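First to last, the protein sequences are chains F and W.
Counting with this note's numbering, you get residues 1 to 321 for the letters of the first sequence.
Counting with this note's numbering, you get residues 322 to 660 for the letters of the second sequence.
No lab work stands behind these hints: they were computed from the structure.
Hints may be right or wrong, so weigh each one.
[As the list claims (entries may be wrong)] With a cut-off of at most 25 Å between alpha-carbon atoms, the simulated DSS-like pairs for lysine-lysine come out as follows:
(1) K597(W) to K162(F)
(2) K421(W) to K440(W)
(3) K485(W) to K508(W)
(4) K577(W) to K162(F)
(5) K489(W) to K577(W)
(6) K489(W) to K515(W)
[Said to hold, decoys possible] Here are the computed distance ranges between Cβ atoms for each label pair:
(7) D651(W) to E185(F): 52 to 60 Å
(8) N292(F) to L391(W): 49 to 57 Å
(9) L305(F) to Q363(W): 54 to 62 Å
(10) I150(F) to V649(W): 17 to 25 Å
(11) Q363(W) to G136(F): 23 to 31 Å
(12) W163(F) to L391(W): 49 to 57 Å
(13) A408(W) to G103(F): 28 to 36 Å
(14) V99(F) to A575(W): 35 to 43 Å
(15) W163(F) to T528(W): 28 to 36 Å
(16) A102(F) to T528(W): 25 to 33 Å
(17) L128(F) to K485(W): 45 to 53 Å
(18) V201(F) to E570(W): 52 to 60 Å
(19) D211(F) to Q363(W): 48 to 56 Å
[Unchecked claim] Covered stretches of chain W, as calculated for chain F (at least 3 residues, CB under 8 Å):
(20) 363 to 377
(21) 546 to 553
(22) 557 to 570
Keep in mind it's a predicted model, so treat the numbers as computed, not measured.
By construction, the Cβ of each residue, glycine as well, lies at the ideal position given by its N, Cα and C atoms.
Listed below are the residues making up each chain.
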Amino acid sequence: MRRLIHRPEAGGAISALLVFAFFAILAGHNGFLSLLGTAYWLDTASELGIIAIPVGMLMIGGEFDLSVGAVVGATSMIVAICSGSYELPGWLGFSLAVVFGAGVGLANGLIVVKTKLPSFIVTLSTMLMVTGSILGVSIGLTGSSSISAIPNDFLGVLVAFKWHEFHISILYWVLFGAAAIYVMERTSFGNWVYATGGNVVTARLAGVPTDRVKVILFILSSLGAVLVGTIETYAFQNGSITLGAQYVFSGIAACVIGGVLLTGGYGSLLGTAFGATTYGIVSLGVFFLGWNADLTELFIGALLLLAVISNNRLRTFALGR
Amino acid sequence: MKFITKSQGGIPLARKIALGAASMGLAAVMGSVLPALADDPQITIAFVSGPLNDSFFPPLYQGAQDAAALLGAKLNYIPIDEADIEASSARTMQAAIAMKPDVIVVGDFITGVVDPLIKQAVAAGIPVFVNQSGQDQWEADGALGFIGQQGPEVGIVAAERLTKAGSKNILCVINVPGNPYLQAICKGLAEKAKELGVTSANLELPTADSTDQGKVSRDIGAYLQAHGDVDGIFTENAAVGTAAVAAVEAAQVADKVKIGTMEVSKVALQQIRDGKLLFLVNEQPYLDGYYGVMFAYNYAKYGLAPVGAVSTGPSVVDKSNVDKISAVFDKYKNVIGSN
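Pulled out of the complex, with its shape left as it was, chain F reads as follows (with noise of 0.2 Å):
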């Protein structure tokens, strides 16, 4: 017990059980608690999970990645342009999404270790120059920034498939998120994520590769984002240049309600997982409560905030002891 309570992921998890018990409670006869209620949260808390698990990484590592949104929305542009205007194979416009990805985090890397400037004003930037450079794009070759984008071939079952309203983004969420979580905690790579956000400088002297750590976190982080991207468009068939514009918030969210300290070098990728579950729960829960809409933000915001709260006292509690 005293082994569990001292793991960082064990706030997140108090967090999401106490927002699940709270709307069971009051929500339950509503519908919270049926397939398509628990479908509902689960497929939210699925699409943000997945892009919480990179930068839950990068942030473990010392560092943020603003521009996560602005990929995900383009990511959906790109994908949308080449099966939607081109009637291009989707695999192709998934392909040239992971490339562009693939370089923004790249980028992002180098401008940051190289400038030593804060990653927070460095990918500030870079999200600006990516939306603003792919509306440019899309309006040039398209005349529009929202464009229908059909699957054509294997990649929308592959992205698009769901069960009842089971997305298959729940399935990619365990799958990369175990994958995540052993590498982070089984080898060495992990180690020196943590080291690198602990202390830069005495991890470089202990031998650790910290640029290059550092740069492979933040093309991780774009690509996540691409998944994330291409799942949301092609489940509505629509891609957008403002979609996932949310996760600029919402990604750090799911980190911090999950146990990550801002400043870097402690927190846990089960934890963060535990952080969308619990604004999954939070940010759908509310429309089951009945109550006023209106206030719907209110409740939002005040939940997660108490869940914050909470985690954080049981981490002073478990450490005290």
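The hints should help you fit chain W onto chain F, whose structure is shown.
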């Protein structure tokens, strides 16, 4: 062929002699001839309106561009950033005034911010035409005309259509919380619904969700679970309309819940054909842009303008006329809709 200078711009006589439809036809003929005259100074038009990353605006921009090209006018389109709409509405209008154009066309979405700036432009001798939103204030602000759609009228049409189809409890979904134009539409819907003896409620989507169709669909689905009596939904853009269709299908209440939406999209047109969407309200944004530029040009050049507001909507698309609209949608890019 006298060029009306800015200082003469405010003469009321000019408006009195304007004969709306006739001047438009005449101008179209003259416009095609006049740019050839070398000594005629080019008319510069600053057009402040929504961003092209909002799928509503590409047709509006296209209409403005087409009219400018036809007339040989210089068009300067200044997009408002919707993510920061209050501050951006002020900045863009200030930029337009600073450019000293011959005439300004502005989408007055945030009236509290934009109205004083319209007055400022008028005071500086720049004639202003209000576009798309601002139907209640344009005359008081000293603007010379309004081209667009009256928000409450859209809501009235929506309430009538849904009630006629049998809806008793209508949900009006607002996708940009705090946008007065979108709220005016739901208010118009609520008032008409009350008059017709049916109930209505508003659902304001969280700001963070409005760009994510999947999340919007789940939000609406969850709301429907908690409010099982809802049997009619009206949404204020195409993406949210598609999300609402998906939500009622997932909840297996598609036969009970009727859906109408604003904004044309390829998917929405198909859904009307399939009977999944009852109707859509077309504001005809292409005409907002086209007439916006055309009226501004005619006023700057000849002092002529239509008298009173010119309505570009609400025009309704349903099963009866969807084929014609679809054909034009497919043939001409960015005229009916953008996606």
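Whether the CB-CB distance between A102(F) and T528(W) falls inside 25 to 33 Å: holds, 30 Å
Cβ separation of L305(F) and Q363(W), checked against the hinted range 54 to 62 Å: 56 Å Cβ-Cβ, so the 54 to 62 Å window holds.
CB-CB spacing for L391(W) and N292(F) relative to the 49 to 57 Å hint: holds, 50 Å
49 to 57 Å as the expected CB spacing between L391(W) and W163(F), which holds or is violated: Taking Cβ atoms as reference, W163(F) and L391(W) lie about 54 Å apart, which means the hint holds.
Distance restraint evaluation - I150(F), V649(W), Cβ atoms, bounds 17 to 25 Å: Holds, since I150(F) and V649(W) (Cβ atoms, about 21 Å apart) stay within the stated range.
K489(W) paired with K577(W) [C-alpha distance capped at 25 Å]: Judged against 25 Å, a Cα distance of about 11 Å means the pair holds.
Pair hint K485(W) and K508(W), alpha-carbon separation not exceeding 25 Å: Roughly 19 Å between the alpha carbons, so the hint for K485(W) and K508(W) holds.
Range hint 45 to 53 Å (beta carbons of L128(F) and K485(W)) holds or violated: holds, 47 Å
C-beta pair A408(W), G103(F): status relative to the range 28 to 36 Å that was hinted: holds, 32 Å
Satisfaction of hint between K162(F) and K577(W), Cα-Cα up to 25 Å: holds, 24 Å
Straight-line alpha-carbon gap K489(W) to K515(W), limit 25 Å: holds, 10 Å
Satisfaction of the hinted span 52 to 60 Å by the C-beta atoms belonging to D651(W) and E185(F): holds, 54 Å
When each numbered hint is compared with the structure, no violation occurs for any of them.
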